[in-house]
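Protein chains: 2
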Amino acid sequence: MTRIYNFAPGPAALPQEVLTQAAAEMLDWHGSGLSVMEMSHRGREFMSILETAQRDLRELLAVPGDYRILFMQGGAIAQNAIVPMNLVGRKPQPATVDFINTGQWSIKSIAEARKYATVNVAASSEASKFSSIPPRETWRLTPDAAYVHVCTNETIGGVEYHFVPDVGDVPLVADMSSHILSRVIDVSKYDVIYGGAQKNIGPAGLTMVIVREDLLGHALSICPSAFDWKVVAENESMYNTPPTYSIYIAGLVFQWLKRQGGVAAIEQRNIAKASLLYDYLDSTDFYGNPVAKDCRSRMNVPFSLHDASLNDTFLAGAKEHGLLQLKGHKSVGGMRASIYNAMPIEGVRALVDYLKEFEKQNG
Amino acid sequence: MTRIYNFAPGPAALPQEVLTQAAAEMLDWHGSGLSVMEMSHRGREFMSILETAQRDLRELLAVPGDYRILFMQGGAIAQNAIVPMNLVGRKPQPATVDFINTGQWSIKSIAEARKYATVNVAASSEASKFSSIPPRETWRLTPDAAYVHVCTNETIGGVEYHFVPDVGDVPLVADMSSHILSRVIDVSKYDVIYGGAQKNIGPAGLTMVIVREDLLGHALSICPSAFDWKVVAENESMYNTPPTYSIYIAGLVFQWLKRQGGVAAIEQRNIAKASLLYDYLDSTDFYGNPVAKDCRSRMNVPFSLHDASLNDTFLAGAKEHGLLQLKGHKSVGGMRASIYNAMPIEGVRALVDYLKEFEKQNG
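From first to last, the protein sequence lines are chains A and B.
For the first sequence, this note's numbering assigns the number 630 to the initial residue and increments by one for each residue that follows.
For the second sequence, this note's numbering assigns the number 630 to the initial residue and increments by one for each residue that follows.
By construction, these hints were calculated from the structure, which means they are not laboratory data.
One thing to keep in mind: the hints can contain errors.
What the hints assert, rightly or not - As a list, the in silico DSS-like pairs of lysine-lysine whose alpha-carbon atoms are at most 25 Å apart:
hint : chain 1 : residue 1 : chain 2 : residue 2
1    : A       : 758       : A       : 720
2    : A       : 859       : B       : 744
3    : A       : 985       : A       : 922
4    : A       : 948       : A       : 922
5    : B       : 985       : B       : 956
6    : B       : 956       : B       : 737
7    : B       : 859       : A       : 737
8    : B       : 737       : A       : 859
9    : B       : 737       : B       : 720
10   : B       : 922       : B       : 758
11   : B       : 989       : A       : 744
12   : B       : 758       : B       : 737
13   : B       : 989       : B       : 948
14   : A       : 720       : A       : 818
15   : B       : 744       : B       : 859
16   : B       : 744       : A       : 720
17   : A       : 948       : A       : 720
18   : A       : 948       : A       : 989
19   : A       : 922       : A       : 744
20   : B       : 959       : B       : 948
21   : A       : 737       : A       : 959
22   : B       : 959       : A       : 859
23   : B       : 720       : A       : 744
24   : A       : 744       : B       : 859
25   : B       : 859       : A       : 959
26   : A       : 758       : A       : 956
27   : A       : 859       : A       : 959
Bear in mind that the values here come from a model prediction, so they are computed numbers and not experimental data.
Model the full structure from these sequences, guided by the hints.
In structure tokens form, the structure reads like this:
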């Protein structure tokens, strides 16, 4: 069996320990005689898996007691509609929502929110081709907005917030899909945090929502019951049948993360991994990274070859070295290395070694 | 390792061959060096998995060329909102939709549709405690309805349509969650077929929608893009990241089903399994089944003990015999054996043997 280093932006690499355990338990979970996939979601066995996963996630992120953790479906793209359907009803209609536009994922969120609200793009880094985060003091926020939306890590552009914006009393909503659990965050500084699991946690088909309890109960009448956060919360994420196997895998990832020392410990490793790669990219003109240094993502590192005609040769060589999925998103071109929690530093070292070798041969 | 017979209503038993293959491929799918869970959904490997699954499902159900197969998320409960959001826009608002109420799943669909349409319950078997299907000639349909909705197998009540209702030119929408792929159907007689995968196919978190192409493109403006069938179809079920691992498992189940001889062959086995169980239940007064003989479900067999005070003893003894999840739904009480495609006839024989033994000891 050949294992490789997988730099895919999501779905993405999972810890090998997690996969090994999942394989071993596939036909018989803990002597139950059942696969997790075959368990009734309301049975004792799966309920314990769900509760443990929720408890571990709460512990890992130090989620305060007045926040609910919801396991849902549809990914961040579905939440782009579900968030406004749940929050704009707190204000007279049509409500205004503020967005900070920092890249492709912000743009998607903005477009979808227009179905349910008046959208104010309070700040945008589009003029700089999304290579930065607009400084907080430049944001033109609406005083009575239903909420302010930020995407705290842009997977495609490789731009990450390294600060928590103060937006006063207006609820702050953050799409954290691609860096959740990669760094310590103060959940109490946000009002809603959401993300698809398929980047930094694991299986596609699971969405996590962390929401302050007092924001529940304001869904628009046209919000499907399965996506009304209050209904989901009251039914302990069991209003519709949850994606049971994905929750099980996410739970194994949470346990793996605890064995790594938790989020603070993995953050240090993520800093080391990202520095290793950025330091090398900055040391040569053969490669380039377009993002301002104070907002570079530790998770998604876009880079370009000075001579773009070498792109295909670079990717073919990378594949030969077992370094996969380095092609950048079609909207920006070039390369991208996604180095989520599950990417070991050895993978980043192997990538840097290859970057050096390729430069030597082609520089 | 102990394997047991799992009569759960969903999530439910999977073919052991499928689980064995999934375990073997967990860390390295076909020499790719990747788990299916780690694959980019837009990569060559996963695309081939998705396309094969779609093609096999099309073949198994003989889906005509003018129908699209969509892989979505949220289960039948989400589709209860998604169906009207996609179909009522074909008519002037507010549109009327016709429902046939045959049990708990119909009731859920009806309640949710009221958010988006005027609902006409064209027929109901509530007066008979949902022990039958209202005969077609009693349905009071709305001539210009946006669609007629039926639940062709009520998982809780154990009531199944053994006929296709003719509703003229009005689109016929069927929730087939709990018996899809259990019997040959003429897809062309329906306009929309949907179902969660977690009953007769496998993994929770995957929803299948089969829709006639000309019904696409009428979603209400408030329909989230991720749930607009046209958007999903145009993006080949990739508008949001699909539940990749669930699609892979469903694909393995489709291949297993083809090895069994396809739907016509499995239908014969399902008839044999259901007959074995119903014949015994009918042969004694110790047990009872409330459902009219012409609409008994081959998939979900509710039954009661004449003396309900023996229920707990019955369930405890069943568990000792490796017969799990026989407790009926709380809304109807008693027992229920769900005997989906993946339940071998040996499991039904073991259940009937236990029924006999228990009767002998307690009759």
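The hints, checked one at a time:
no.: 1; hint: 758(A) with 720(A); in the structure: violated (33 Å)
no.: 2; hint: 859(A) with 744(B); in the structure: holds (17 Å)
no.: 3; hint: 985(A) with 922(A); in the structure: holds (22 Å)
no.: 4; hint: 948(A) with 922(A); in the structure: violated (29 Å)
no.: 5; hint: 985(B) with 956(B); in the structure: holds (18 Å)
no.: 6; hint: 956(B) with 737(B); in the structure: holds (21 Å)
no.: 7; hint: 859(B) with 737(A); in the structure: holds (18 Å)
no.: 8; hint: 737(B) with 859(A); in the structure: holds (18 Å)
no.: 9; hint: 737(B) with 720(B); in the structure: holds (23 Å)
no.: 10; hint: 922(B) with 758(B); in the structure: holds (15 Å)
no.: 11; hint: 989(B) with 744(A); in the structure: violated (64 Å)
no.: 12; hint: 758(B) with 737(B); in the structure: holds (16 Å)
no.: 13; hint: 989(B) with 948(B); in the structure: holds (18 Å)
no.: 14; hint: 720(A) with 818(A); in the structure: holds (21 Å)
no.: 15; hint: 744(B) with 859(B); in the structure: holds (21 Å)
no.: 16; hint: 744(B) with 720(A); in the structure: holds (21 Å)
no.: 17; hint: 948(A) with 720(A); in the structure: violated (52 Å)
no.: 18; hint: 948(A) with 989(A); in the structure: holds (18 Å)
no.: 19; hint: 922(A) with 744(A); in the structure: violated (35 Å)
no.: 20; hint: 959(B) with 948(B); in the structure: holds (19 Å)
no.: 21; hint: 737(A) with 959(A); in the structure: holds (16 Å)
no.: 22; hint: 959(B) with 859(A); in the structure: holds (23 Å)
no.: 23; hint: 720(B) with 744(A); in the structure: holds (21 Å)
no.: 24; hint: 744(A) with 859(B); in the structure: holds (17 Å)
no.: 25; hint: 859(B) with 959(A); in the structure: holds (23 Å)
no.: 26; hint: 758(A) with 956(A); in the structure: holds (19 Å)
no.: 27; hint: 859(A) with 959(A); in the structure: violated (38 Å)
Violation of the numbered hints given earlier is confined to hints 1, 4, 11, 17, 19 and 27; the remaining hints are satisfied by the structure.
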